[in-house]
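Colleague: Here is how the chains run, residue by residue.
Number of protein chains: 2
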Amino acid sequence: MNLALLFTEDFVAADHALLAGRRLAHLHSVLKATEGDLVPVGLVDGEMGTGRVLRLTETEALLQVKLTDPPPAPLPLTLVLAMPRPKMFRRVLQTCATLGVKDIWLVNSYKVEKSFWQTPWLSEENLRENLVLGLEQARDTLMPRVHIRKLFKPFVEDELPALLKNTRALVAHPGTSSPCPTHIEGPATLCVGPEGGFIPYEVDKLIEAGCEAVHLGSRILRVETAVPVLVSRLFDAGA
Amino acid sequence: MNLALLFTEDFVAADHALLAGRRLAHLHSVLKATEGDLVPVGLVDGEMGTGRVLRLTETEALLQVKLTDPPPAPLPLTLVLAMPRPKMFRRVLQTCATLGVKDIWLVNSYKVEKSFWQTPWLSEENLRENLVLGLEQARDTLMPRVHIRKLFKPFVEDELPALLKNTRALVAHPGTSSPCPTHIEGPATLCVGPEGGFIPYEVDKLIEAGCEAVHLGSRILRVETAVPVLVSRLFDAGA
Numbered sequence: 000m001n002l003a004l005l006f007t008e009d010f011v012a013a014d015h016a017l018l019a020g021r022r023l024a025h026l027h028s029v030l031k032a033t034e035g036d037l038v039p040v041g042l043v044d045g046e047m048g049t050g051r052v053l054r055l056t057e058t059e060a061l062l063q064v065k066l067t068d069p070p071p072a073p074l075p076l077t078l079v080l081a082m083p084r085p086k087m088f089r090r091v092l093q094t095c096a097t098l099g100v101k102d103i104w105l106v107n108s109y110k111v112e113k114s115f116w117q118t119p120w121l122s123e124e125n126l127r128e129n130l131v132l133g134l135e136q137a138r139d140t141l142m143p144r145v146h147i148r149k150l151f152k153p154f155v156e157d158e159l160p161a162l163l164k165n166t167r168a169l170v171a172h173p174g175t176s177s178p179c180p181t182h183i184e185g186p187a188t189l190c191v192g193p194e195g196g197f198i199p200y201e202v203d204k205l206i207e208a209g210c211e212a213v214h215l216g217s218r219i220l221r222v223e224t225a226v227p228v229l230v231s232r233l234f235d236a237g238a
Numbered sequence: 000m001n002l003a004l005l006f007t008e009d010f011v012a013a014d015h016a017l018l019a020g021r022r023l024a025h026l027h028s029v030l031k032a033t034e035g036d037l038v039p040v041g042l043v044d045g046e047m048g049t050g051r052v053l054r055l056t057e058t059e060a061l062l063q064v065k066l067t068d069p070p071p072a073p074l075p076l077t078l079v080l081a082m083p084r085p086k087m088f089r090r091v092l093q094t095c096a097t098l099g100v101k102d103i104w105l106v107n108s109y110k111v112e113k114s115f116w117q118t119p120w121l122s123e124e125n126l127r128e129n130l131v132l133g134l135e136q137a138r139d140t141l142m143p144r145v146h147i148r149k150l151f152k153p154f155v156e157d158e159l160p161a162l163l164k165n166t167r168a169l170v171a172h173p174g175t176s177s178p179c180p181t182h183i184e185g186p187a188t189l190c191v192g193p194e195g196g197f198i199p200y201e202v203d204k205l206i207e208a209g210c211e212a213v214h215l216g217s218r219i220l221r222v223e224t225a226v227p228v229l230v231s232r233l234f235d236a237g238a
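One line per chain: the protein sequences are C and R, in this order. Heads up: the first sequence begins at 0 in numbering that gives the first Met the number 0, then just goes up one per residue. Heads up: the second sequence begins at 0 in numbering that gives the first Met the number 0, then just goes up one per residue.
Treat the hints as calculated values from the structure; they're not laboratory data. Because the structure is a prediction, the values reported are computed rather than measured. Among these hints, one or two may not hold up.
Because identical chains cannot be distinguished in the list, a pair is counted as satisfied if it fits within a single copy or across any two copies.
Okay, derived cross-link-like pairs now, DMTMM-like style, lysine to aspartate or glutamate, Cα gap no bigger than 20 Å in a straight line [claimed, not checked]:
#	residue 1	residue 2
1	LYS31	GLU194
2	LYS86	GLU112
3	LYS31	GLU112
4	LYS110	ASP203
5	LYS152	GLU123
6	LYS164	GLU207
7	LYS65	ASP9
8	LYS86	GLU194
Isolated chain C, as found in the complex (with noise of 0.2 Å):
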C-alpha cells in the first residue's frame, strides 16, 4: 500500500477521514506513523495528496486531508479476459488494476472451467477489495470498472464489435504468425485466453469480431506474466 485510498464514507467532515481496519493497521505496523505524520492518500476517483494524522490509536486513525494532485493516466486499454482460475484471479486483477487497466471483461471460454465462475473472489465486495489494492499499490485513484460475461458466443458477436470500434484489437494467440505490436499509438482492445488458450473456434470469432491474432514469441507466459508483459509492450508504461 503506497497510499490509503479514501472512500466518501471514510470522511467525518469536508477534510476529515477516519480510517480502521486494514489502512490503519498498515499505519500502525508498515509505516509505523505517529500524530503529526504525513501519509499518502487518495480519493477514490478522484485527486492524490496528504494525510495528516491528527489523532492515532489503536481502533482508528482521524486524518487532515489535502488532495493536490491528480491520479496517473488511465491506460487507454480494454482487457477481455478468459475467467482464469481463482487461486490466479485475485493476482490477475490487483495487477490490473496496479498497471491502470480500467476496462476488464471476464469472459467465458471452452477451457474455462465451470467452477471458476463460482469462486467467492467475483462478489462485488471482494473485486472492490482487490482492486483496492491494486490501486493502493500502483498510487492510484481511478476504479477500474469489471464486467462478468458467462457465454462467450453473445458477448463476442453482440457486445464485442462496439468494444472494438476505433481501437487496436488483438487477440493474444501462441502459436500464431503475427507478433504482437510494440508501442501503439491510440486505445487498444486486448483478448486474453485461459490456461491452454482460446480454442481455434474462439479464435476464428474473436477474428471475426475485428481482432488480429498475435503472438509473444515461442514461450508460453502463464495469464497472470502475459498481462504486464502484454501492457509493457503496447504501451510505453508512462515513460
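Fit chain R to the supplied structure of chain C, relying on the hints for placement.
Modeller: Structure of chain R alone, referenced to chain C:
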C-alpha cells in the same frame, strides 16, 4: 506444464525415460494421455522434442524420447534482485524462468527482512523445483543459475562491476528522472530493489558500480509485476 523436463537420471536407456511423481500425474490428469500418445518433452540444458507413451500405469510412465529442436534463445539479461518476501519469491523465480532469464543474483538490501533469508524456498532442491516449473511453462530447457549474496556491499563493490562489463546496466528506481530504455540491443544487467525500494545509499553504490537509475513511470509495481514489465520493455520477447 507445457513440456515435461527430463533429467539424465530419468533415462533407463539411450532414448527411454521413466517418469513418476508430478510429471506422471500431469500426464494422467491434465493431458489425459494414453499409451501411444506423443507428449512434449525436453532434456534439461538440451533439446526439445516428443515422448511417445509406451507404457502408462498408476506408478510410472515409460516414454520413447525423440529430441529434435533447440530450446528458445535465452534472454541476454543478468538480473540482480533484492531477496523478495518468501510468499512472492517462489512466483518471481518461476516467472524469471518462464521469461528466459538465465542468471539471477539474489542480494541483500536494507529493506530485505532478515527472515526472508530463512525461507525453505532457497534450498537447492526447492530452487530447482520452481525453476523447472517455470521452464516447463515456457517450453524451455536451459536451467537458470541462481547466486545468493547475503551481503550487499561486498557484492556491489567486488562482484558487480565485472558482471556489468559490456552490458547496459540499469537499476529500477521509482522517482528518478530517466525513463527505462526500450528495445535495447545487446546484453543488459538489471537491478531490482525490494518492496519499498533500494535506499539512497544503495542506489548510490549501484550507480558507482556503473548502473544507470531508471524509472517505469509513476506507478509503483510489485516485484512480481515489475520483472515481466521490465523484461518486456527491454527486450523484444522473441517476436
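Colleague: Hints first: check each against the structure and report whether it holds.
Modeller: Here's how the hints hold up against the structure:
1. LYS31 <-> GLU194: Close across copies (16 Å), not inside one copy (41 Å); limit 20 Å.
2. LYS86 <-> GLU112: Answer is within; shortest intra-copy Cα gap is 13 Å, inter-copy 26 Å.
3. LYS31 <-> GLU112: This pair counts as between: shortest inter-copy Cα distance 16 Å, intra-copy 44 Å.
4. LYS110 <-> ASP203: For LYS110 and ASP203, the Cα distance is within 20 Å only inside one copy (16 Å; across copies 49 Å).
5. LYS152 <-> GLU123: neither (24 Å within a copy, 48 Å between copies)
6. LYS164 <-> GLU207: within (13 Å within a copy, 50 Å between copies)
7. LYS65 <-> ASP9: Result: close within a single copy only, 14 Å intra versus 64 Å inter.
8. LYS86 <-> GLU194: Within one copy only: 13 Å inside a chain, 22 Å across chains, cut-off 20 Å.
The structure shown violates just one earlier hint, number 5.
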